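Chains as they are written, first to last, in my numbering: chain E, 5 to 331; chain A, 5 to 331.
Keep in mind the hints are simulated off the structure, nothing from the lab. Note that the coordinates shown come from a computational prediction; the quantities given were computed from them, not determined experimentally. One or more of the hints may lead you astray.
When chains are identical, the list treats them as one kind, so a pair holds in a single copy or across two.
[Stated by the list, open to error] Here are the simulated lysine to aspartate or glutamate pairs, EDC-like style, with alpha carbons at most 16 angstroms apart:
#1 311 - 95
#2 75 - 173
#3 75 - 22
#4 328 - 260
#5 96 - 110
#6 328 - 110
#7 169 - 95
#8 96 - 61
Protein chains: 2
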Amino acid sequence: MHILVLGAAGMVGRKLVDRLLRDGRLGPTDITRLTLQDVVAPARPATDIAVEVVTGDAADAAMAARLVASKPDVIFHLAAIVSGEAEADFDKGYRINLDGTRYLIDAIRAVGGGYRPRLVFTSSIAVFGAPFPERIGDEFLSAPLTSYGTQKAIGELLISDYTRKGLFDGISIRLPTICVRPGLPNKAASGFFSNIIREPLAGKEAVLPVSDDVMHWHASPRSAVGFLIHAGTMDTGPIGPRRALSMPGLAATVGEQIAALERVAGRNVTARIRREPDPTIMGIVAGWPRDFVTARALNLGFTTAEKTFDDIIRIHIEDELGGKFVD
Amino acid sequence: MHILVLGAAGMVGRKLVDRLLRDGRLGPTDITRLTLQDVVAPARPATDIAVEVVTGDAADAAMAARLVASKPDVIFHLAAIVSGEAEADFDKGYRINLDGTRYLIDAIRAVGGGYRPRLVFTSSIAVFGAPFPERIGDEFLSAPLTSYGTQKAIGELLISDYTRKGLFDGISIRLPTICVRPGLPNKAASGFFSNIIREPLAGKEAVLPVSDDVMHWHASPRSAVGFLIHAGTMDTGPIGPRRALSMPGLAATVGEQIAALERVAGRNVTARIRREPDPTIMGIVAGWPRDFVTARALNLGFTTAEKTFDDIIRIHIEDELGGKFVD
């Protein structure tokens, strides 16, 4: 089986590639070939599997044609610029997040000859915008309040329509906010949800710009990779024509996050969180989803790796910190 | 006031232009200039108002730039190919209905210098796809089952995002199926809803391809023009960021349509309807909306010209047939 990953150098992309190489298979099928694309060079993994690394902008028709010319069986499309950057650079957001997706799907279509790969598109809960019900269900409208969310919602519509037309077998998975996001903060306005866990565990101070009662929808990076793998292997027949699914997650307030951190790592760690309210960030976050009912995804076999926010912190310590943190 | 109408030669476009010329004003403001675009030459109306007729494909960046260069105050964007054609010609549908809309909105944005026109985009109830509740509310998801519906849903998302960014003052109005559609049948699969009224009133036979209990959501051409005028003049402040609105209409079964036709025009007329079930059309129609709760639009002052389906037939006889029909 040949797998193509667009956006392979991103946080989720790297973790997905690690998992694919560790498993050596996707579902029951051995992986024989892996093509990794990103605008920055993806790391070339040490593996027996044939790996091609492609460095370049995905929002380019020629690049898209090149990537699908060898007819990968499964395509994970994770290439995107994040919400903060898409909001700051309107043209770039539309070029990468909308045009890039269109180039890809039109390139797949252009291959022809019965080529009909599985296409997994990473969407986001940013397709939803306030006001919404306390818990967002599977039939709630996409009314994004960011350009990023708009671009993801458009991608979902395209994936569903092209799938309906038999041009590929697509599925869009709306990832919760990934927590704990490892590494350095990126330009996402949601960064603080991870910062307040990751930085204190590393002995560093973290700024909390919102109040403790802000609730949000989280999943661990391990869960995100699990969603992708499931989307890449599942029987798509039962999904029906609505190919966009809100992924399961965990609703937690910032206060609950901090309480979990204290249970897992102690008071010395939580003492490193400095409350510094930022009206701009509070305004942005007020328009974000808080909680979901993800009945369709659960019925279709999507599951999280965590049951509590304590688990999310433990997964971070296990997967990123080698089981240790700075007390 | 300078008004631009894209798709001015279409059925709704022509009726909108007629109304604008009859009124001589849009809301409280005199119309001083009218630019009419369509791919087929729009009729040049006899009027004192300065009218420019532009013939050419709207899905063209240069054309879009030319149309907005003179900074029209209000833009009615009705240019589209219909559902049946967009389904049959995938490329053409995306080119006209999606790319065309993007060229227009990007051309508006490129004018700059504080130019921020009112943009009225005609969307459709085709943005909804089955399964749906008995009555579709304002928070129900767009899950179209046609490429046309997909393209309209994408247009709505773009209009909302560009409006949020202050690039223009946009509003998308989801028209019900227009009934009674005058003139010759077009390629829309919904044609029979009008055919079974229009053709018998003209002394001709009409084919009914579905069963009498099929319910659908209708508005007269007069109502559609009223929605457009209101969308072009209303205070958009109270709309908020969700700039797409399902328009009010009238839910009627085919049986109720025929009963209304009999009340208005008699049995000789309804006898011209020939029942000839078509499984293909029945399948398509099964995925269509039946009834709506359009609370947002009603609260924002959108109103229909008809209270019953009898009114819809009377409006057709009045506006299209000079008050007479073939008994």
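Hints and how they fare:
1. 311 - 95: neither (40 angstroms within a copy, 46 angstroms between copies)
2. 75 - 173: within (13 angstroms within a copy, 44 angstroms between copies)
3. 75 - 22: neither (22 angstroms within a copy, 54 angstroms between copies)
4. 328 - 260: Neither: 22 angstroms inside a copy, 72 angstroms across copies.
5. 96 - 110: Close across copies (14 angstroms), not inside one copy (20 angstroms); limit 16 angstroms.
6. 328 - 110: neither (47 angstroms within a copy, 52 angstroms between copies)
7. 169 - 95: Answer is between: at 12 angstroms across copies they meet the 16 angstroms cutoff, but 29 angstroms inside does not.
8. 96 - 61: Within. Shortest intra-copy distance 11 angstroms satisfies the 16 angstroms Cα cut-off; inter-copy 27 angstroms does not.
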